Amino acid sequence: MTIAVASGKGGTGKTLVATSLAWLLSRESDTLLLDLDVEEPNAHLFFDAQLVNSELVTGMIPVIEEEFCTHCGLCQRVCAYHALLVLPDQVLVFPELCKSCNGCLALCPEGAIISGKKSIGVVEYREAGRLRLYSGRLDIGATDAPSLIRALKSHARDALGHVLLDAPPGTACPAVEAVRSADLTVLVAESTPFGLHDLDLMVRTMRKLHQAFVVVINKAVPHDDSLHEYCAREGIRLLAEIPYREDIARSCARGHLLPEALPETLPLFERILDGILHAEEVRA
Amino acid sequence: MTIAISSTGNGWDSPIDERFGRAHGFFLVDEESGQTRYLDNATNLDAGHGAGPATVQLLVGAGVQVIITGRVGPKAEGALQAARITVINPEHARTVKDAWDHYSLNQQKHS
Amino acid sequence: MKEIVVMSGKGGTGKTTFTAALGQLAGDRAVVADCDVDAANLHLLLRPQQRSEERFVGGMLPMIDSRGCSQCGLCANACAWSAIQYRDGMFVVDHLSCEGCGICSHVCPEGRITMHPRVTGMSYVSESRFGQSMVHADLGIGQENSGKLVARVKKQAATLAAEEHREFIIVDGPPGIGCPAISALSGATEVLLVTEATRAGQHDLERMLELLRHFGLKASCIINKANLDDDVRDDIRQLCADAGVPVLEEFAWSDVFPESLRQGRTLLEMGDEGITNALRRVWEHYQRNGASQ
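Heads up: the sequence lines are chains C, S and W, in that order. 101 is the number that our numbering gives to position 55 of the first sequence; each next residue is one higher, with no gaps. 402 is the number that our numbering gives to position 104 of the second sequence; each next residue is one higher, with no gaps. 188 is the number that our numbering gives to position 187 of the third sequence; each next residue is one higher, with no gaps.
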């Protein structure tokens with residue numbers, strides 16, 4: 047089963063839930079965790095896992111073979127991203143602007159453009175017991191997060207056992223790219239009006255994508271039941287609540303796995319996991 | 299020669315736009331004929347990043363040889379250099395007219 | 002004009018909470034802008050009255066005219082994102098995968114693919130309850146190019162600030178260090194980093210500091226939830242010292258923060274003297290260094 051953990055808002059506890067579930071699963075079976083928050087990957091901080099290898103992820107950029115180029119300007123005209131500038135005596139390529147659509151390569155009438163490479167980021171692979179963890183790390187200054195997310199997701203194809211996806215925050219294309227292939231998405235919402243607002247955005251996103259989802263509330267306090275009311279009103283199944291407590295916050299701050307560091311939270315995560323693995327939301 | 303001045307409007311009294319890639323537009327002066335026209339840069343204003351090179355494209359297409367503007371980013375600077383467009387930064391110029399006067403004065407000094 | 006961009010790398014560190022407080026302190030000397038267009042929250046604290054709204058065209062989208070289509074499939078082959086799929090006897094565009102490059106329209110031998118503007122979000126100009134103009138936006142679900150919408154919000158804020166002769170633009174930035182973050186930082190004169198004393202906060206701050214170095218930007222820092230772990234806090238202090246980033250204030254983990262959100266109040270409206278004084282010192286820092294033109 048592929049399980050995505052997502053939230054519209056950042057800092058709601060996505061990584062806390064994803065790492066805790068991955069740890070729990072990996073005690074019993076082979077488990078794969080993909081940290082798709084490639085701008086700010088954090089899942090590896092929670093495991094005592096050795097870096098096994100690191101793979102460079104590249105994107106295509108055009109390389110102009112000047113001896114064949116007639117400076118006709120077609121490549122510049124077809125490039126929607128302004129990554130090429132054709133001057134009378136040379137063609138400038140701006141790799142940061144290129145989105146690797148291959149259009150210039152396909153359309154150059156002289157065949158004067160060949161395929162080059164630019165670095166987008168790396169995929170790091172780590173192991174801890176029966177857990178395998180892949181993290182994406184976007185290059186500083188790079189903007190093509192979706193390509194790196196796609197490269198990461200390719201590692202889930204031949205995975206044995208369960209796959210957990212720690213999604214990036216937001217509702218834009220990186221987040222969508224992350225949750226699209228999941229059988230079930232766990233939306234982690236923080237118990238504040240910000241959390242409610244962003245949960246609603248995420249719920250609408252999931253419905254538009256026809257994705258199955260359930261909700262876990264984090265930082266829950268007894269006097270705020272706005273998220274419960276929302277879920278009841280929308281007919282969304284609420285799996286569990288993680289309480290707002292200083293000891294939990296401290297444990298996470300130190301990069302500890304919550305159910306390991308605070309064993310009294312173990313039944314809570316077992317209940318979440320059970321709710322996911324037996325979710326009726328998942329279409330057969 | 300065609301000279302471009304980054305500006306927020308189409309007139310000699312328009313304030314100059316300190317930004318290059320994200321300038322509202324360019325006031326163009328044809329030195330020989332004295333004719334002027336305005337080149338709108340609205341599409342590049344909305345670019346998330348990479349507004350600089352796209353703006354250089356616009357200027358190259360318009361046959362500009364000199365650009366009078368404020369801040370030029372590193373990507374645009376390289377592109378302007380490759381396109382052999384001279385960059386002039388007139389400190390203290392507030393309007394298109396100020397910038398033009400500054401440019402003309404310097405031309406006279408050098409000729 | 003001074004543009005203060007509030008950034009964090011990691012989400013949930015308190016960026017919006019601090020932006021709202023600075024906005025309140027600045028009052029009508031500033032224009033505020035919410036550049037977290039993926040999940041905008043600043044309006045929940047500033048409760049603005051909307052003045053105008055505008056549709057945002059963030060890119061182009063192809064339309065395939067199936068009547069003249071010879072079903073050659075060249076478009077589907079040329080698409081680097083596999084966004085053109087053969088379904089129910091015709092080629093259709095998957096809007097979520099399409100990046101708007103337009104190559105399909107160039108390769109179609111029948112000329113049956115045309116590109117059309119794609120509305121990817123809305124931007125709004127409003128008046129916050131602190132008597133200042135506020136620019137905010139919503140990105141449509143699953144849309145890309147949030148970096149472009151961020152640029153639009155910033156442009157509108159800059160135009161308003163010039164028209165209204167405001168000294169400051171205060172920008173609530175997006176999380177991360179990718180496309181939207183880079184777009185939010187473009188043109189910043191000051192960057193205020195809001196981090197938290199957690200290992201994840203520290204790790205993300207390191208990446209953010211690298212990004213700022215990459216673009217040659219100067220920053221100051223606030224450490225939130227500073228008492229969660231002393232070792233982490235000390236490491237963050239050291240990181241900031243090494244990067245030449247002054248730590249302006251540290252705030253302890255406290256119920257006042259989530260409670261302020263629940264009550265829809267800014268931190269200053271919570272009546273906590275220590276927090277209020279610390280925020281005033283942060284604002285004084287920006288006023289002191291506020292060489293506005």
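What the hints contain is simulated information worked out from the structure, not anything from laboratory work. A hint or two may mislead.
Capping the alpha-carbon separation at 30 Å, the derived lysine-lysine pairs in DSS-like fashion look like this [as the list claims (entries may be wrong)]: (1) C/K164 - S/K407; (2) C/K163 - C/K199; (3) C/K163 - S/K373; (4) S/K407 - S/K395; (5) W/K219 - S/K395.
This structure is a prediction, so every number in the text was calculated from the model and none was measured.
Comparing the hints with the structure gives:
1. Between C/K164 and S/K407 the alpha-carbon distance is near 46 Å, which puts this suggested pair outside the 30 Å criterion.
2. Taken as a hint, the C/K163 and C/K199 pair is honoured in the structure, with Cα atoms around 21 Å apart against an allowance of 30 Å.
3. Of the pairs offered as hints, the one joining C/K163 and S/K373 holds, with about 19 Å between alpha carbons and a cut-off of 30 Å not exceeded.
4. Proposed proximity of S/K407 and S/K395 is supported: the alpha carbons are some 18 Å apart, at most 30 Å.
5. With a C-alpha separation of about 34 Å, the suggested pairing of W/K219 with S/K395 is violated against the 30 Å cut-off.
Comparing the model with each earlier hint shows violations of hints 1, 5; every other hint is respected.
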